Amino acid sequence: MAKSIDISDLDIYYGDFLAVEGVSMSVRARSVTAFIGPSGCGKSTLLRSLNRMHEVTPGARVDGKVVIDGQELYDPMIDPVEVRRQIGMVFQRPNPFPTMSIYENVLAGSRLNSRKLKKSEADDIVERSLKHANLWSEVKDRLGKPGMGLSGGQQQRLCIARAIAVEPQVLLMDEPCSALDPISTSAIEDLIHELKTDYTIVIVTHNMQQAARVSEDTAFFNLAGAGKPGRLIEFNPTKKIFSNPDEPATEAYISGRFG
Amino acid sequence: MSTTIATRDKAPRRRGDVIFAGIARGAGIAILVALAGVALFLTLEGFPALGASGAALDGAANFLDYVWPLVFGTLLAAILALLIATPLAIGVALVIAFYTPRRISGVVGYMIDLLAAVPSVVYGLWGIAFLGPQLKPLYQWLEEYLGFLPFFAGPASSTGRTILTASIVLAIMVLPIITAISREIFTQTPQLHMEAAMALGATRWEMIKLSVFPYARSGMVSATMLGLGRALGETMAVAMVLSASGVVTFNLISSTNPSTIAANIALNFPEATGLKVNALIASGLVLFVITFAVNFAARAIVARTERERS
Ligand SMILES: Nc1ncnc2c1ncn2[C@@H]1O[C@H](COP(=O)(O)OP(=O)(O)OP(=O)(O)O)[C@@H](O)[C@H]1O
Ligand SMILES: [Mg+2]
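So the sequences go chain by chain: C and A.
Under the working numbering, the first residue of the first sequence is numbered 1, with each subsequent residue one higher.
Under the working numbering, the first residue of the second sequence is numbered 1001, with each subsequent residue one higher.
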């Protein structure tokens, strides 16, 4: 069910402001693709345009093509709600539904898709998703407790469980570990490794080691200057990006010499 | 511990802080004093009515018999008004907050706020001269087809000045406050929670159910309770619209209607003398207590939902 994503000539706007310009790249199915680059270069913006969350911002729009497994994402016939059901997203800050229990949080997406879930089906989904997200053993005795009662790292894994509970084709992650300690981070990186056998994963990260550890391909974005749009500078296999990049700018960014 | 407190006491206090603290404290105390004064006045002046009977109480045997129909009417009109106003207000607030472009929603919000600025006498006139007559056919229809329900037993009022008309007028009067507060809270829903729902593929309505309502629940309760407070105390509009005869009935469309405490005071105070004044003031005390109880209940509900959340 994992799908590839082909982006061609994508321009992304907030009102009149061109935030990302002329991105073309192909994200492979069943692999992890990392987006790296300095703050403000449009990584989150691009990521959010891949599940049509970008247009939730008033005035935001997109020019160009995104094709997921042969299907044009911005075709006028496509319902964005339908798209978001098939492309999961994990945010930078964990955002479980505050009034819902752990159990209900995991089921939130499934409940949207089909009203009537049998108790046994629901139990299965919750157990499978939480196990997949490496959270099951920590919460199995308190599934009825609020999701907000968990630690930040646990909350983030709960959000991942919620996203994969509906078995999406693609999983988008925007700096999923930036608020977490090294142990939780490594738990989530392990998880990403396991998940890529089933899902196509795109992850935004500021952590070079993380990009190097988890991804097959890496895209480096940069800004020409303040107020200028972000651009894709280099897109290559992660090994190549971190050992022998094509572009001097990539080299400079990765090695910390930046400017 | 004690040393920190000691140093804080000795630390120089800025003049601005001292003045501001003084003003704030003074304002707080003034409110308490005013409230206590009102309660004291109502109690002292109302007390003689407790022993009265007969003429001073419009023929009622004792004060309880006198005030009960008024309490009933007050609660009935206020609750009916809320039943009408709350869903409408929350619907309008949702539309303004989530379904209209910002430019239009600003205008609509402004117009709703204007409703709050209309004096209640104007609502009263509108109720008598326009709404009542317009509703007459509806009441006849209700009597004819739904007359088996006690609410619509009839006979339908010939002027339309029924408790239902009064409640509708009240509903329009409390609409702005409930709408304004609900909208305010809806728009404060954290973006993060709304996006959590949308990223799962929630439609806008599903997003509202998943993220907005849970967040706004206690605020919606307070908004409704504020509306209830206003509906309970509203005087002029009810006094004008309602053709009251002080009965206790759930019949909403007939020409014999329960009166409300506030309207009863407004209508009878000018000509009242002696014990009758005491009786009216005592009924005012009852209204005061009811309003207080409503506010307390609202606080309790809000506090409980807050506790559940944390
Ligand atoms: N809601 C918005 N409205 C207007 N402009 C925005 C909005 N969100 C982001 N931008 C602008 O778009 C550009 C790209 O922002 P984006 O958040 O995608 O950067 P980023 O690469 O994710 O940065 P970071 O690493 O700090 O998260 C920035 O110039 C930013 O100011
Ligand atoms: Mg970002």
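Hint data in this document are derived by calculation from the structure and do not stem from the laboratory.
Predicted, not measured: the structure shown is a model, and the values here were computed from it.
Beta carbons are placed, not taken as given, at the ideal position from N, Cα and C, and that holds for glycine.
A few of these clues could be false.
[Claimed, not checked] A partial selection of chain C residues facing chain A, derived with a Cβ cut-off under 8 Å:
1) V56
2) P58
3) V62
4) T99
[As the list claims (entries may be wrong)] Per the computed footprint, the stretches of chain A lying under chain C, defined by three or more beta-carbons under 8 Å from a beta-carbon of chain C, are:
5) 1191-1199
6) 1202-1214
Status of each hint after checking the structure:
Hint status for V56(C): holds, given a least beta-carbon distance of 6 Å to chain A, under 8 Å. A hinted interface residue such as P58(C) counts as satisfied when its beta carbon comes closer than 8 Å to some beta carbon of chain A; here the least separation is about 7 Å, so the hint holds. Given the 8 Å rule on beta carbons, the hint for V62(C) is violated: about 16 Å separates it from the nearest Cβ of chain A. Given the 8 Å rule on beta carbons, the hint for T99(C) holds: about 4 Å separates it from the nearest Cβ of chain A.
Counting residues of the region 1191-1199 of chain A whose CB lies closer than 8 Å to any CB of chain C gives 7, so the stated coverage by that chain holds, three being the minimum. Figure legend: the region 1202-1214 of chain A, annotated as covered by chain C; annotation consistent (6 residues with Cβ-Cβ distances under 8 Å, at least 3 required).
Hint compliance for this structure: hint 3 alone is broken.
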